[in-house]
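Student: The primary structure of each chain is shown beneath.
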Amino acid sequence: MIPLSWYLLLSATLFCLGIVGFLVRRNLITIFMSIELMLNGVNLSFVTFAHQWHLVKGQIFVFFVMVVAAAEAAVGLAIIIAIFRARATLAVDRIDLMKL
Amino acid sequence: MNTDLLRILPETILVVAGILVMLIDASLPPRAQRRGLIWVAAPGTMLALWASLIQLRLDPGTAFFGAVETSPFTIFFHVLICGIVLVALLLAYDTLPRDSHHQGEFYALVLFGASGMCLLTGAVELLVVFIALEISSISTYILAGYRKHTGKGPEAAIKYFLLGSFATGFLLYGIALIFGATGSTQIYEVAHKAASAQNHTFIVLALMLMLVGILFKVSAAPFHVWTPDVYEGAPSPVVALLSTAPKAAAFALLLRVLYQMLPDLRSLWMPLLWVIAAASMTIGNLAALRQQNVKRMLAYSSIAHAGYLLAAFAGLADKGIAAAAFYIAAYAAMNVGIFAVVTLISGYDEHLPLVADFRGVLYRSPLLGSLLIFFLISLIGIPFTGGFFGKFYSFSAAVGGGAVVLAIIGLLNSGVAAAYYVRLAVTVAQKPENGMSQAALPVPQIGVAVGAALLFTVGATLWLGIAPEPILRAAENAAHALQ
Amino acid sequence: MHLILFIVFAGLCLAGALNLLLQKHPINSALSLVVVMTSLAVLYLLLGAEFLAAAQIIVYAGAIMVLFTFVIMLLNAGREERTLGSKAAVALGFPAVAAILAVIATVILKAQDLGSVSLSDGITSTEELSRVLFHELLLPFEVTSVLILIAILGAVSLARKGHGDQEAGK
Numbered sequence: 001m002i003p004l005s006w007y008l009l010l011s012a013t014l015f016c017l018g019i020v021g022f023l024v025r026r027n028l029i030t031i032f033m034s035i036e037l038m039l040n041g042v043n044l045s046f047v048t049f050a051h052q053w054h055l056v057k058g059q060i061f062v063f064f065v066m067v068v069a070a071a072e073a074a075v076g077l078a079i080i081i082a083i084f085r086a087r088a089t090l091a092v093d094r095i096d097l098m099k100l
Numbered sequence: 001m002n003t004d005l006l007r008i009l010p011e012t013i014l015v016v017a018g019i020l021v022m023l024i025d026a027s028l029p030p031r032a033q034r035r036g037l038i039w040v041a042a043p044g045t046m047l048a049l050w051a052s053l054i055q056l057r058l059d060p061g062t063a064f065f066g067a068v069e070t071s072p073f074t075i076f077f078h079v080l081i082c083g084i085v086l087v088a089l090l091l092a093y094d095t096l097p098r099d100s101h102h103q104g105e106f107y108a109l110v111l112f113g114a115s116g117m118c119l120l121t122g123a124v125e126l127l128v129v130f131i132a133l134e135i136s137s138i139s140t141y142i143l144a145g146y147r148k149h150t151g152k153g154p155e156a157a158i159k160y161f162l163l164g165s166f167a168t169g170f171l172l173y174g175i176a177l178i179f180g181a182t183g184s185t186q187i188y189e190v191a192h193k194a195a196s197a198q199n200h201t202f203i204v205l206a207l208m209l210m211l212v213g214i215l216f217k218v219s220a221a222p223f224h225v226w227t228p229d230v231y232e233g234a235p236s237p238v239v240a241l242l243s244t245a246p247k248a249a250a251f252a253l254l255l256r257v258l259y260q261m262l263p264d265l266r267s268l269w270m271p272l273l274w275v276i277a278a279a280s281m282t283i284g285n286l287a288a289l290r291q292q293n294v295k296r297m298l299a300y301s302s303i304a305h306a307g308y309l310l311a312a313f314a315g316l317a318d319k320g321i322a323a324a325a326f327y328i329a330a331y332a333a334m335n336v337g338i339f340a341v342v343t344l345i346s347g348y349d350e351h352l353p354l355v356a357d358f359r360g361v362l363y364r365s366p367l368l369g370s371l372l373i374f375f376l377i378s379l380i381g382i383p384f385t386g387g388f389f390g391k392f393y394s395f396s397a398a399v400g401g402g403a404v405v406l407a408i409i410g411l412l413n414s415g416v417a418a419a420y421y422v423r424l425a426v427t428v429a430q431k432p433e434n435g436m437s438q439a440a441l442p443v444p445q446i447g448v449a450v451g452a453a454l455l456f457t458v459g460a461t462l463w464l465g466i467a468p469e470p471i472l473r474a475a476e477n478a479a480h481a482l483q
Numbered sequence: 001m002h003l004i005l006f007i008v009f010a011g012l013c014l015a016g017a018l019n020l021l022l023q024k025h026p027i028n029s030a031l032s033l034v035v036v037m038t039s040l041a042v043l044y045l046l047l048g049a050e051f052l053a054a055a056q057i058i059v060y061a062g063a064i065m066v067l068f069t070f071v072i073m074l075l076n077a078g079r080e081e082r083t084l085g086s087k088a089a090v091a092l093g094f095p096a097v098a099a100i101l102a103v104i105a106t107v108i109l110k111a112q113d114l115g116s117v118s119l120s121d122g123i124t125s126t127e128e129l130s131r132v133l134f135h136e137l138l139l140p141f142e143v144t145s146v147l148i149l150i151a152i153l154g155a156v157s158l159a160r161k162g163h164g165d166q167e168a169g170k
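Protein sequences, first through last, are from chains U, R and H.
For the first sequence, position 79 (counting from the first letter as 1) is numbered 79 according to our numbering, and the numbering increases by one without interruption.
For the second sequence, position 11 (counting from the first letter as 1) is numbered 11 according to our numbering, and the numbering increases by one without interruption.
For the third sequence, position 118 (counting from the first letter as 1) is numbered 118 according to our numbering, and the numbering increases by one without interruption.
If you're looking for bench data, these hints aren't it; they were derived computationally from the structure.
Accuracy of the hints is not assured; some may be wrong.
Partial list, derived from the structure: chain H residues whose beta carbon lies under 7 Å from chain R [unchecked claim]:
#	residue
1	Val107
2	Gln112
3	Leu139
4	Pro140
5	Val143
6	Leu147
7	Gly154
8	Ser157
All residues carry an ideal CB built from backbone N, CA and C; glycine is no exception.
Make a model of the complete structure from these sequences and hints.
Tutor: Okay, structure coming up:
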């Protein structure tokens, strides 16, 4: 017997590690992978809540998140390829034609 | 089942039109002109607009097991979004490079994206909200990087994409917590169960996380950092679209989440939005003051306008929603219009991006110059234009809701904003210096399609400024439907 | 038994996530992410989501991560450098994220009646899943096809070479 809050804590930790990666890393692909880590953290929450409420809807949500993640990966990596062709770098600090 | 299909008719038409564009595009010879595909895209959008109006005859209600609904609220936003998309398509027809063979995918992406935005305004199931938001976002990420052979195009796309996906993560976590607290993701059920939910703190946390996601999409401070870069790097016809249509859809979602799903938490979200509205106005306007690039200036101005709009959320439910809906319509009309004019003056490749480059436009092309000044007047909020009534209703809603200080901050900000709008207007009206290269520049050609688009936006801006009652009544009906 | 499995795989998950953050080379980060995803699949199984666990491995670890690895190899991405910007992000980011985590953790720990899970709990059958997916959630399921269509269209149009050669030539 394991309390569900453990799963939720793990999920929150993964989500926050994803945020840290997004903020700290300096490579476009690694930043994108950090976002995937955040989504995985959220997915664990969905599955946990699905178990808590005995509702399959929570699990189905995860399917849709997977589809969206796949679509995002296809588009995001295509953008990364386009930027690599145009600028020959993947370092965010060099992608600075336009200053914030 | 028949009415179920009628309730998603506009979205279906947009998707079918997009697929038709792709099919015809594929069947044309590789080196053929693709511009003619507008004859599929534009009528498709008009048909979707008409279909939205047809939905007025349906009784308000939900379809597909409570996944989507039709009500005066959704119809208001459907018509608005279809109108914006139509103008953006006409603008793109005349301004996209004519020797490109890839206009087909541009039109298809715009149409698919529009279907996502329309679905977002009608979704009452958080799963549909999530997917519709992603459809609208992913298509705009791609469109933002459409000029991929310039350095700035992919840069705009990647910034928009990474920050957008990051924000979506927060929204999704919020949805997960809503599901955890109430055991449902259907907005009506959530609203029903939220009051009696055991883990109330879950709902509060979920609201915060969802707000991060949605406020990013409407580019409110402090989630606005992507806006200037994306607007600068994306092609101007795309900016005309993505500064208005996805924002209108996201504001519709914000209204739905706050007023329909979690109205009981008003005492919590009202002060938050108060701060965000004030911050957006102030940061947007102060940053716009020192911009030299016209598109960046308009980007900061759009952040400020998001702030004016959020001021309406301080109002009581009926007045606040109506004012917000009206403001979105007025903002969309003038913003699409000004980006259309800027596209024509700067050119698709943006050889004239700076405020200083706009000097003497009034003499080179009296029509474009006066249109630009007209839209600037509306953005300032001078009477007889849509911008005036938008601000008027928004601030009076805020005052009605007890946020007098916010309305005063808004008025002060409008004064600051006038400074940079007037600076651009004065530059446009200045005589070109003798021997300056600008005087020798060719007069921008105004094609039939873009002419129609300009006529439409000018007409809408004037109509909203002179006779706002019909639109205001539609907005009030929309507000009524949401409660 | 459940406790041991949870501790092992939650530990693997966290180790993988931390490794993703600490590795300098993107390919190592990608492989760490695969570890995270696979351990998550086991956790899904512990929560009774059998089909989801399979999909997690096939779709996430199998398809999406392979795409990532492929792109990393294709672009021959190198080690990343620490820059001034990244140091500022570390200094500002860590306290902020720690605060977020603290808030979420407090909310979770204060939550009442979340229940618990044990190995004897039933497993969700695929039949149950499909009944909800193709009945109540038919509309979102169909709408997803539009999303995938956009992704295909976008990937082709962005990654294709030669689009607008004329424009580039100018």
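Student: Would you mind marking each hint as holding or not holding in the structure?
Tutor: Structure-based check of each hint:
Given the 7 Å rule on beta carbons, the hint for valine 107 of chain H holds: about 5 Å separates it from the nearest Cβ of chain R. Taking 7 Å as the C-beta cut-off, the interface hint given for glutamine 112 of chain H holds, the closest approach to chain R being about 6 Å. At about 4 Å, the closest approach between the beta carbon of leucine 139 of chain H and any beta carbon in chain R falls short of 7 Å, and the interface hint on this residue holds. Proximity of proline 140 of chain H to chain R holds as hinted, the smallest CB-CB distance being about 5 Å (cut-off 7 Å).
Using the Cβ-Cβ criterion of 7 Å, the hint placing valine 143 of chain H at the interface with chain R is satisfied: the shortest such distance is roughly 5 Å. Because the closest C-beta pair between leucine 147 of chain H and chain R is about 5 Å apart, less than 7 Å, the hint holds. With its C-beta approaching chain R no nearer than about 4 Å, glycine 154 of chain H sits inside the 7 Å limit, and its interface hint holds. Contact between serine 157 of chain H and chain R, as hinted, is supported at the beta carbon level, the nearest pair being about 5 Å apart and thus within 7 Å.
In terms of the numbered hints stated before, the structure departs from none.
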